[in-house]
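**Q** As a plain string of letters, each chain reads:
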Amino acid sequence: MEIRLENLTKVFTNKKTTNTLAVDQLDVTIPSGKLIGLLGPSGCGKSTTLYMISGLLKPTEGSIYFGDDDVTTVPPEERGIGLVFQNYALYPHMTVLQNIMFPLENLKVPKEEAMERAQKIADLVGIGELMSRKPAQLSGGQQQRVAIARALVKEPRVLLLDEPLSNLDARLRLQTREEIRRIQRETGITTIFVTHDQEEAMSISDEIILMDFGVKQQMGAPQNVYDEPANLFAAKFLGTPPINLFDGKISAKKIKLGQSVLGETKESPKDIVIGIRPEGFIVQKEGPIQADVEFVETIGRDTTLIMIDPTDETKRFRAIVDSDHKIEAGQSIALNIKPHKMYIFNQQTGERL
Amino acid sequence: MLEDKSNVKAWFYLAPALFLLTIFIFYPIFNALFLVFLRDYNYLQGTWEGFTLFENFLYVFRNQNFTQALTNTMIITFVSVPISVIIALLISVWLNSVLKLRGFFQTIFFLPYVTNAIAIGMAFAFLFNQNYGLINTMLGWVGLNPVNWVGLGATWGNAMFSLLVYVVWASLAFKIMVFLSGLQNIDKQYYDAARVDSTKRYRIFRRITIPLLSPMIFYITITSFIGAFKAYTQVIGMFGVRLGPPGNDKSLITIVALVYDALDRSGVPGALSEAAATAIVLFLITLVFTLINMQVSKNRVHYSGGGK
Chain P
1220 MEIRLENLTK VFTNKKTTNT LAVDQLDVTI PSGKLIGLLG PSGCGKSTTL YMISGLLKPT
1280 EGSIYFGDDD VTTVPPEERG IGLVFQNYAL YPHMTVLQNI MFPLENLKVP KEEAMERAQK
1340 IADLVGIGEL MSRKPAQLSG GQQQRVAIAR ALVKEPRVLL LDEPLSNLDA RLRLQTREEI
1400 RRIQRETGIT TIFVTHDQEE AMSISDEIIL MDFGVKQQMG APQNVYDEPA NLFAAKFLGT
1460 PPINLFDGKI SAKKIKLGQS VLGETKESPK DIVIGIRPEG FIVQKEGPIQ ADVEFVETIG
1520 RDTTLIMIDP TDETKRFRAI VDSDHKIEAG QSIALNIKPH KMYIFNQQTG ERL
Chain U
-7 MLEDKSNVKA WFYLAPALFL LTIFIFYPIF NALFLVFLRD YNYLQGTWEG FTLFENFLYV
53 FRNQNFTQAL TNTMIITFVS VPISVIIALL ISVWLNSVLK LRGFFQTIFF LPYVTNAIAI
113 GMAFAFLFNQ NYGLINTMLG WVGLNPVNWV GLGATWGNAM FSLLVYVVWA SLAFKIMVFL
173 SGLQNIDKQY YDAARVDSTK RYRIFRRITI PLLSPMIFYI TITSFIGAFK AYTQVIGMFG
233 VRLGPPGNDK SLITIVALVY DALDRSGVPG ALSEAAATAI VLFLITLVFT LINMQVSKNR
293 VHYSGGGK
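Quick note, the sequences are listed as chains P and U, same order.
Its first residue numbered 1220, the first sequence is counted upward by one per residue in my numbering.
Its first residue numbered -7, the second sequence is counted upward by one per residue in my numbering.
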């Protein structure tokens, strides 16, 4: 089912009547049956957005549509959503089976059918053998699956996950995110999950919604957002290692870094930020950037060069190059730039130019 | 070596508490245990006529007021405790959900706890006064005749009812306080999760609040049982040393009242031993019911509210 957020705004007011604008006029259409990552740094309003979709938080302004239904004022119990909390919120006094069956009991599903459905969904998420355990007897990853099973068992129209992987250790996180992807594919349910981890969001989402300061920065397929960042924030937030940034300027239709010309543009002369992805450099005999190599890290097939910024000796930048090049620390090398890995941004506004 | 040092320190820090406990708790307990086995102990002269195993207990059971005291104590316990626990639970759940004037209501419900029991008892005696009391006035509003609750010649039933109302009311404050702190410790996410799962309010109460609060409920039930078995000040507060409405003296006597009764006769040889024996009988009754309580609630209490 398609979810549409229109002009969605949330202002938190505390006792001293200071207002915090958590979500600012968000307009988003989430396509049906997709896995959507709501991505952003902490405090960017992504969880607030999720909780407004769930109905647990009331929007200050704007509307939420599930398909054609306006659910803005519908209480959470009538929205037909499944929600997985960050720390799972499994009822500690109930067994896994009782936890999963709980939503069905509320819907007055006959007990036998409820047990059958609980078992089926538990098998789907891979905890079918743990039905008689209490949450405290489960590992983090298992608790996570119970929480997903509990959210899915009532066949909700939308599945919402709040930082679903943040309580898991690194290895489980990798495994569980594949698991979430698989469960989403098998059930075909529209799923929105919140995360601050760009790698997590990029690896499993069909589309990501990038947020900062309560404002949508960009939405699109992860690779598209990575390849075509709409602004400086989007460019900085995605990518490990992060994008390299240089202060440059445009003069006479040329993109200039110091005295070197990196490319051409139609923009008028102004100060700009040049962003170059680490993989956007090519080692060549001659190139616009001449810089000293400070360290060389070779890991498998890639070589990462830590380079001294030629325009500012206190800054460093990273270049990931083919390990065929035998480069040593202390060398001065010439680098060329892949044009599609370089972006220029307005220094004042951060807009992509 | 480190451990030795800290041990000495520990004893040093414990000393003031131990000193007071020894004088006011340990010594009286052991002294009572000792007195029980003395025959015809004369408190004034400090003499006794040899030892006995059961004689002092027989005095207790032969006391003409013993059956009445036992009955009253049991009624006070088994009526007031469940009722007050349930009422306190409902009030605290309500208080927990109230947003406006919460501090005000909390203060109101907590006031009885810091008010003198005797003073409140007198106030209640007045509430139940046949001619001027609020209760009878209110009965009059709905067209009922005034009832002689606690006045001259009031029946045991009426007097006991009045006493129970007071006992329940007076014991609410502490329970509400404990339940409220317990409720505030329950993670709000459980309620959010329950709402998302379309749980009806009474089901949230029964399936989530009660189980998560069960350690508190258990604690309160046990301590209230123990407290109710010791009922005495409430009777004094409402009825004075007559321990009953005028003309029906001692009809509301309790087991602890028997202890004081025996102490009043401490000049008589053996009376002090009888008081000690009464205290021990009460202790045994309390012990038995506490053990039953613990057994019954074994599978009904969930100690995992915090997640671990």
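If you're looking for bench data, these hints aren't it; they were derived computationally from the structure.
Keep in mind the model is a prediction, meaning the values are calculated, not measured.
Heads up, a few of these hints could be off.
To be verified - Residues from chain U shown here face chain P by an in silico Cβ test under 8 Å; the list is partial:
| # | residue |
| --- | --- |
| 1 | A24 |
| 2 | S190 |
| 3 | I200 |
| 4 | P207 |
In this text, a Cβ means the ideal position worked out from N, Cα and C, and glycines have one as well.
**Q** Per the CB criterion, is P207 of chain U less than 8 Å away from chain P?
**A** Check failed: Cβ of P207 of chain U comes no nearer than 11 Å to chain P, outside 8 Å.
**Q** Holds or violated: is there a CB of chain P closer than 8 Å to the CB of I200 of chain U?
**A** With a minimum Cβ separation of about 6 Å from chain P (threshold 8 Å), the hint on I200 of chain U holds.
**Q** Taking the least C-beta to C-beta distance, is A24 of chain U closer than 8 Å to chain P?
**A** violated (42 Å)
**Q** Restraint: S190 of chain U near chain P, CB-CB cut 8 Å. Satisfied or not?
**A** Status holds, d = 4 Å.
Checked against the numbered hints given earlier, the structure breaks hints 1, 4 and satisfies all the rest.
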